[in-house]
Structures are given as C-alpha cells and as structure tokens.
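Asks: So you can see what is in the structure, the chains are spelled out below.
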Amino acid sequence: MSDNTITLSVDGQEVEVTRGSTVLDACKKLEIEVPHFCFHKRLSIAGNCRMCLVEIEGGPPKPAASCAMPAGDGMVVHTNSKMVVDARKGTMEFLLINHPLDCPICDQGGECDLQDMAVGYGSDVSHYVEGKRAVEDKDIGEKIKTVMTRCIHCMRCVRFATEVAGIEEFGATGRGSHVKVGTYVKHALRSELSGNMIDLCPVGALTSKPYAFVARPWELERTPAVDVMDGLGSLIEVHHRAGKVMRIVPRECDAVNEEWISDTARFSYDALTHERLTAPLLKKGRKQEGASWEKAFDAVKRALKGKETVAALAGARHSAEDLYAFNALMKETIETPHVDSRAENMLLDATNRSSYIMNSAVSGLDEADVILLVGCDPRLEMPVLNARIRRNALKRNVAVASIGTPLNLTYDVEDLGANPDVLTKLATARSGFAKTLKNAKKPMIIVGVQALSTCKDSLAIIAAAQTLAEKVGAVTPHWNGFNMLHQHMGLVAALDMGVVPAPKGMHTGQIKKALQAGKVDVLFVYGDTDITPEEMAKAKYSIYLGTHDTALSQQANVVLPTAAYTEKSALWANTEGRVLEAQKAVNPPLNAKEDWKIFRALSAHLGEALPFDTLEQLRGKIVEQNAVYASVAEHTLPEWSVVKSKMKVSSKKLDASVAQFYLNNSFLRASAAMHRIQAESDAPETELRRVG
Amino acid sequence: MARQPIKLKDEDKVFGNLDGSGDWSLKGYKKRRGYVGYKKVMKMPRTKIIDTIKASALRGRGGAGFPTGLKWSFMPEPSADKPNYLVCNADEGEPGTCKDRDILRYDPHTLVEGMAIGCKALGAKVGYIYVRGEYYDESSRLQLAIDEAYKAGLLGKNIQGTGVDVDLYLHLGAGAYICGEETALLESLEGKKGQPRLKPPFPAGFGLYGCPTTINNVETLAQVSAIMRNGVEWWTKFGRPNNHGTKIFSVSGSVKKPGNYEAPMSIPMKTLIEKYAGGVIGGWDNLQAVIPGGSSTPMLNAKQASEVLMDFDDLRELGTGLGTAAVIVMNKEVDLLAVMTRISAFYKHESCGQCTPCREGVGWVYGLMERLSRGEGSKEELDHLFAITKKIEGKTICAFADGAMWPVQGTLKHFKHLFEERIKQNKKRTKKSA
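Protein sequence lines correspond, in order, to chains A and B.
For the first sequence, the residue numbers in the working numbering are 844 to 1535.
For the second sequence, the residue numbers in the working numbering are 8 to 441.
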C-alpha cells in the first residue's frame, strides 16, 4: 500500500482506493450498488437526495451520505444493514409522497431512476393520506418540456447549468416544500447545451419537447453513431423505431464529448424526414421531375461526353468513404483535376496533416496551461468543447486569451484584439500574455477554420500561428499545441482523402472565377458547399448530390439523392483527426442511396468501374490512402511542419461570429425544431420576459 | 456544587445593561468596566487566550453547547493566501429566543469587544457579524457601537499600538431561520442561497470563501470579553463543572414577568421561573409543561420542571437540551397541541428544501399534527407520526430536521394522552351528528 491509497471494508470486502475518494467510489469499485439520485460523476457533489446513505461503524449513530463522505483508512462500511435499508425506504417514501406517480403518461417511464429505485429500494405501502403538492410547469423554451410536479429536487439540472453550461439563470427559488426549479424570470434557456439536462434529470420533470409522447424506450432500437452537426464528432446513439429516427442521445466518451452533446446534435433529427431528396431528379424545362437511377446516370453520361472542363466541389458532412469514392470518381473515372473540398480562400495544405487538425486532441485541454483562441468562437462552433475549456479555465485556472472579435464564452477571456498580426507580435513580445504563453509548459493555440474562410491570407495566418507555436515551445515530441478547430464536420476527412485539386487543377476560388467566365462545362456539387446558387447557374450543366432539397439542388440539371449521417455505416474524422465509426441506423428514404454506392455505380455506368465492390474493400483503399484510418477511435500525432505561405499576414480583422447557431448548415435548416429554437433565441429579451 | 447566589451581583453580570435602563454607548460600557485590560489581552499570544477560554470551559451559547476553547483550537495558523475569519452568528431565530436582541441593542459593546478579542485569538484580521434581517433597529445600534469603537481606536489597524488589526463588518440576513445554521450562514454571507453545506469539510478548515472560519454565537463572544477581564476563577464560580458561567435565559409564556434574565448556570428551573420571571400564572401547580431551550428542544412535564437544573448536562439527561435557554412556560390553560402544531408549521415554513426527508417529511409531519391535534385520525396514526419523525431525524445534511422532530417526539412522549382524548371526543361527535 502506497501513501496515496487507503484500505477500507465495505460489506465485509476489503477495497483499496486512492486518498480523497469517497465511500461511494469505494462501493463502485467493488461493484456494490448504492442507489442515488443527486450524485453525478461530472457534477459537483450536492448530497441532498439522501438516497446513498450507508452505515459507517464507529461514527455518529446515524447513516452518512456515501457520495460526500471521504473514505477513511480502516473504515468499516455497511450498505445493507437494517439502518441503511430503513433509511433508504424512508427516503423513497418521502420522495414519492408528493410525486404524482403518473408513470403511464410520463415520457420518462421505462428509463426513470425513480421508478427503478422505488422497485429496488422502496416499500410496498405508504401511510401518506394527505393531499399532494402540485407545481406549475415552467415554459423554458422549445427544447425542454417541464412537468415540475414530478421534480425530486436533486438539482442536477441546476448544477449542470451553472457548472458545465455556464448560465446562471437557472436555479431554485423558495424554501422547504415550496422549492421550485426553473429560470428565475420566464424565458427560454440560453444555452447550446441545455438538452443535456434531459439526460441528467432522473425523473420526468425535464423531458425532450420534440420527443414528447413519441415513443417508449423499450420500443426503440439503439445504434451507435457519430454526430456531424459540428466538427467535434460527439458520439451519439440513434434511437429508432420501424426505420424512423425517434431521438438522438449522447454516448459516453471521455476523450471526445464526455457525455454531453450540443442541442443541434440532439434536436435536429426531424430534418431526416423533412425536405429530403427521395429520388433522382432531371430538369425538364424549368421543372425538375423524378426519374429512375438509370435515366439519371444516362443524363450524366451524356452531359460528360466530350466536355473539356469538368469541376467538382465537395462540401461538409461527408464521410471518409464517400469522399474517397467521390474523389476517385472525379479524378480516375472522369479524369478531371478540378476537384476541391475547401471553401474559397481556405487553402489548407492537404499534404501537411499537422496543419489542419487539432494536434493536442480535445483531451489536451485537460493538460494545457494556457489557451490562445485565434479567430474562433468555441461556444457556438463547438459547444461541448467550450464546456471543456470552461471547466479548465474555472477549475484549473487556465488562462484563456482570444484574437478575434470579442466573445461571450461563459468564462473570462483576455481580449488581445481582432487583428491577426497580433500573432507575429506575440512571437516577439516579452510581457503580458506573450510572457504567460512562453512560460507555459503545455500551451494550446486554437485556430478557427471557419473564420479563415473570409481571409485571403488564411495560409499566412496558419503559418504565423504555427511559427508562434514553435517559438513558445508548444511543439515538442510529446506535446503539440497547434490546433485547428473545424466548425463543420467533413473537411478533415476530405483533406485526408486528398479531395483537393490534382496538379494543374483549379481550387474553389478559381472554379468560381471560371464559372463567372462561363468556362465550366459540367459542375458537380456534392452537398453543402461554398458555392452560391447564382454561381452554380453559370455552369453549362450541373449535377447536385445531396440529402436535402435546397437552393443549390434546385439549380441542378440532375439531382442524385444521397444518404444522411444516420443512414450509412461510415468513418468520420473529427477536428482532432480522430477517426470515429458510425453504424447505419435506418435506411435512406425511398430511392435515395448511400453516397459511395452511387459513385461506384456511376463509375461503372461511365465505363470504368472503381476498384471496390464492398464497404470492406473501400475501407481497405482508404487505409492505403491514409494509414490513420486503420486505427479507429485513436488520436495520432502527425509529423510536424510549418506550412509555406508567400503572403504576409494582413490586418483584416478576424471574425468568428456565428450568426445563427441553430441554422448554420443546410441540414439544420431543414429541421422545423431548429427553426423554432432559433426563433426563440433570436427574440429580444424584453419580449420573452413575460412574467408568468 | 458550592452554593451559589440565586441572583447575580451587579459586578458579576456580563451584561450590565440587559434591561436597557442604562447607557448602551461606549461611555456607559466603560463605566461598567468595559474594555478594561483590553490592550493587555490584545498583546497576549493567541494560544494564551485560547487556553484561558479552554480553562473556563465556556460552552457555545447558540444551542449546541460545543466547548468554545476547543472550537477555537481547531483553527490553523493564518497563512498568506488564506486568511482566517471569525463570524458572529447573530441570526437569532429560534422561537422563544430573544437574548441576542437585547445584547445587540442594549449592550452592543460586549459583542464588539468579544469579537475583537476573538479575532485576535483566532488570528483573524476580519470579523463578520451576520445579523438577522428583522433586527434592523438592533443592527443599526450595533453599527453605531462599531463606529464608536473605531473612533476610540478600539478597532481598526494597529489597535492601541499593539500591532493587531481587526476590522468588523456587519451583514443583514434576509429572514431565513436556516441561515442560523453555521454553514448556511456562510453561504448566505457569500451571497448564495442559504443552504447548509455538507460536512466534512468543516468551517475550521474550509469556511467563508473557502478559508478557515470560526462561527460563534453573540452571547458566547460577548462573554469572552468578561472572562478575559475577570478571569477563569470568577467564571467557574458559577454553575456546575462543565457548565460554568452565567447565562441569559429568555423566559416567556405563562409567567407573570416574561423577559431576558442573566442568571448563574445550573440554576434550578423552578427558581428561575419563580424568582426571576414572577412565577407561573395561576401558581406552580397550574404548570402543564415547559420547553427548556427554544422550540427545538423536547418539552418537559411539570414534575420534571420542578426538579431540573438549567444546564447542558442535566437537561440532556432528561432527553432534552439547554439549547438557546429560551424557556417557554405553558400552564394548564394553554392548548398544548395547538402550540406544538404551530411550532411544526414554523419548521415546515423554514425547511430550506435541500434534503429529501426534511423537505418532504416536515410538511407531512405538520399535516399530521394539524389533523391529529383536532382529533381527526386514529390512534395508529400517532404511531405512524412517531415513526415518520424517526425516519427524518438523523438523515439530513444539517440538524434542522432533528430540531424539527424533537418537539414532536417530546409531545408524543409526554402528552400522547391529549391526542387520544381528542380522537375519542371527535369520534363521539361524529357519531352524534351521523
């Protein structure tokens, strides 16, 4: 036994735990179940539910809350003595006297802690014959439905709001049996993470509003998947019934999303059935009409025949398989070099992986001692990541500074101005934040990809940030503090798969110019790209591949319907360059097909079939292209080099502001729930502050 | 125990102006030997002050009776990054108790002097006084006293050249009973919702703003100044061992002269009621019950009341406590069940709502008390009521729920027959009307 461990006995079994552990930790280590409501491992200890009471020998003659009681050396703990059993029964009885017991009409039914514990630890009768307390429901917006009479006052939601989400407008008012949880003044919750309160609520007080009365948990099939609404790639579980997605909940993963997901990930699934492209379309006159795949492919074949300039653009939210197949179709079958996946100006170097991923990994935030944000707004670009920065800023006192327009990130950020040339100044300065950065052992510099898309000197900014990282000692064999933050999922995989112009090919900006000059014969647009419908209209013939009916798809001569992220087994690469695997949960709607299969079939139709027939063969090709894809879920540090840029850093301000968080991509814009949520978040405060 | 006088001589009183007839100000307090030897005490090493208080066996006057010297010895040496704090608990809210109020308004300098000595003993440069929100007038008087002390150089930086710095700040609460619980008080003082904290950690290690903190009652701190001035020997003249000193008793209810009386500890309850408070209305034989130490302490019946001594240990032997020494006397004209129901209503109203058993249970107990005191219910329900109080007691973060359950348990112990009679009467009544 080292100095750092202590031994105690629980129910007659000896257990060794580290000093500072609680009695509950010791019980968990022995896999002894101790029921609890208020305790949650990612929140502070409240100790108020009084369900986890245990008996400790030699202490005061009353049970102790195991979640809060520090384990002591030689402690003798009983979790099943008469004292404990009686105390639990008592607590259960108290919890239920004012609970409405409306399980048959409660959405939590079947996954309710209170139900389970009542069966496991409660008594079969109660002597309670007085009237029950009723509490008025609160309107806290379009995300969460409240039935506050069911609340058992564990305060998990309040602790989440103040500790993780960083909003202080959610709390408890009143005393005793009149304690009420809610926003102090009536308004919608202003957090991008508030949906997590639904998972945290152990009863049916806070449930998902879009999911209200939709399904019962025991009817649902559960498929592990990856969220693609932002570049973090939070692990999710898709719950579906009879081929339809019913809801999305997080999976636990300490390295990526811990156990939180953003509200865009949670509530946008209705877009899977709204405004979907369900069959190939062919333009006839000014109208698009449904067609068979055969006819659509024929049309593409005819369009390509003898054409000189074929350009292809891939957008966000595509998997590695789809991007590989797309790239191969364009470059090998159609033989055009004009392929790109990057927005105009965002000239990331696909040959230098260390320049476009988050090298420190998300978990690096828990080790970093200084964080410099460059043109990024993590709160709106990656809310779950922001919660992690917040925790480190608050709990470990990590200094955070930002270059870019001022932000409200829920923690203190030193504003270094919006001018990117601050990067070069920091490299030479010796006082202020530059000193903090230099003295740091593990500094992190996080550059926002999205803000760079508006900067002509994006590559120069990246080079300056990389140089700064080198100068402050952020790049060592064991630590790389240079990081890129991808607001949108997909670009990392696109760069990994080489979806960039072949030699002599045009990049996005050049393709746009060629379009304006009327020099593009055939244009492929794959998903949510940088291109506008007006620019697309300048192509002589255009083919759109995507999941939703959008302004872009309406411009196309041929529309090919693809599969959304829940409709395919796929490998996704998140902002860290970590490869994450998702399983197919449901089928694409009607006649839509999985993307890579479309590319494979089209290549055969064009006379030169791509060399893979199955997903396994395709994944083999992907690993050949980029070996990282062989190790799913791992984070690997790529070889480091500084990108070369001929340009100088300009003084154009870095603007990372996200205009409409809940509608910031075409998938979200197809969700009715997202529109409702955006509308309430846009509403001026005065309008929402109806006292009621 | 050596025989002690029934009434204290004027020079033996810690609170010379408890009745408010004299001068409360610094001038008046100095006439009553206030601040005599103050400079000498401020020059003493802190351990010496703590040792003196330990030797005096002074026990906390706020209700729990924890030895003050021992409590003070838990405080670590002040460090550079974490200062020590002394907090005075003036959130007097226990029903029946009004002693701190008279200290604050009639003899505030006893507290100011005691706080300053306490700060010195604990190595605290700053002391906070958390005054109950309803005591607005009293807090204003206390602030005047603090201002006087600053002007006279008795507070502030380098007090009388001793090199000791003490600053006192006054804070008004917002009227929650629970803020008298020391950790809830700290939460409230920090600007948060007044809810007791989990212990451990205890305030001596992690108190106000996470710094080592000692919390003492007004009377305790006020008595410290007298002990330092008059010595341990003087103090231990009064009361039985382990229960020394003088004490303010707030006598109320069915007595001819209710009020605050400073008397020696271990005074017989009967003597206190008869010699100080003018006796029970209708005579001693008309006595029904006495609550000895504020509403949280279980009541005693008339027989027990004629024999018990007013100190921590003797009352504890009878299953009750000295508490805040608020003696509530009830003669036979009092509807005892109505009183106890009202007390239950108070606790229902004041539960902070944090812990499940207290939040849900105290209201349930009140509901039962309310119904059963009217005779509506059955004898079995009396047993259920007792069982519920046992399910609540000892299951919560703080002692509030215990204090809410003890009076109910005390009533059921001594006066169960009253409930049973009412239930019987009620049955008869309903039979007749049916």
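Each hint should be verified, as a subset may be incorrect.
[Said to hold, decoys possible] Straight-line alpha carbon distances no greater than 27 angstroms define the calculated DSSO-like cross-link-like pairs of lysine-lysine that follow:
no., chain 1, residue 1, chain 2, residue 2
1, B, K200, A, K1029
2, A, K872, B, K206
3, B, K199, A, K1238
4, B, K200, A, K1238
5, A, K1023, B, K199
6, B, K200, A, K925
7, B, K420, A, K925
8, B, K386, A, K975
9, A, K1238, B, K206
10, A, K975, B, K434
11, B, K386, A, K871
12, B, K206, A, K932
[As the list claims (entries may be wrong)] Computed beta-carbon distance windows for the label pairs:
no., chain 1, residue 1, chain 2, residue 2, range
13, B, Y143, A, P904, 40 to 48 angstroms
14, A, D980, B, T54, 57 to 65 angstroms
15, B, P207, A, D945, 34 to 42 angstroms
By construction, these hints were calculated from the structure, which means they are not laboratory data.
A virtual CB, placed ideally from N, CA and C, is assigned to each residue, including glycine.
Asks: If a hint holds in the structure, say so; if it doesn't, say that too.
Replies: Evaluation of the provided hints:
1. At most 27 angstroms may separate the alpha-carbon atoms for a hinted pair to count; K200/B and K1029/A meet this at roughly 20 angstroms.
2. Pair hint K872/A plus K206/B holds up; C-alpha atoms about 23 angstroms apart against a cutoff of 27 angstroms.
3. Annotation: proposed proximity of K199/B to K1238/A holds, straight-line Cα distance about 19 angstroms (limit 27 angstroms).
4. A threshold of 27 angstroms between alpha carbons decides the hint, and for K200/B with K1238/A the separation of about 22 angstroms falls inside it, so the pair holds.
5. For the hint linking K1023/A to K199/B, the alpha-carbon distance of about 16 angstroms falls within 27 angstroms, and the restraint holds.
6. Our distance criterion of 27 angstroms between C-alpha atoms is broken by K200/B and K925/A, whose separation comes to about 35 angstroms.
7. With a C-alpha separation of about 25 angstroms, the suggested pairing of K420/B with K925/A holds against the 27 angstroms cut-off.
8. The suggested pairing of K386/B with K975/A holds, with an alpha-carbon distance near 23 angstroms, which does not exceed 27 angstroms.
9. Pair hint K1238/A plus K206/B holds up; C-alpha atoms about 21 angstroms apart against a cutoff of 27 angstroms.
10. For the given pair, K975/A sits about 26 angstroms from K434/B by alpha-carbon distance, which is consistent with the 27 angstroms threshold.
11. Taking the CA atoms of K386/B and K871/A, the gap is about 44 angstroms. The hint is violated against a cut of 27 angstroms.
12. Between K206/B and K932/A, the direct Cα distance comes to roughly 23 angstroms. Compliance with the 27 angstroms bound is thereby established for this hinted pair.
13. For Y143/B and P904/A, the Cβ-Cβ distance of about 42 angstroms falls inside the hinted range of 40 to 48 angstroms, so the restraint holds.
14. Between D980/A and T54/B the CB atoms are about 59 angstroms apart, so this pair conforms to the stated range of 57 to 65 angstroms.
15. Taken as a hint, the range 34 to 42 angstroms holds for the pair P207/B and D945/A, whose Cβ atoms sit roughly 39 angstroms apart.
Comparing the model with each earlier hint shows violations of hints 6, 11; every other hint is respected.
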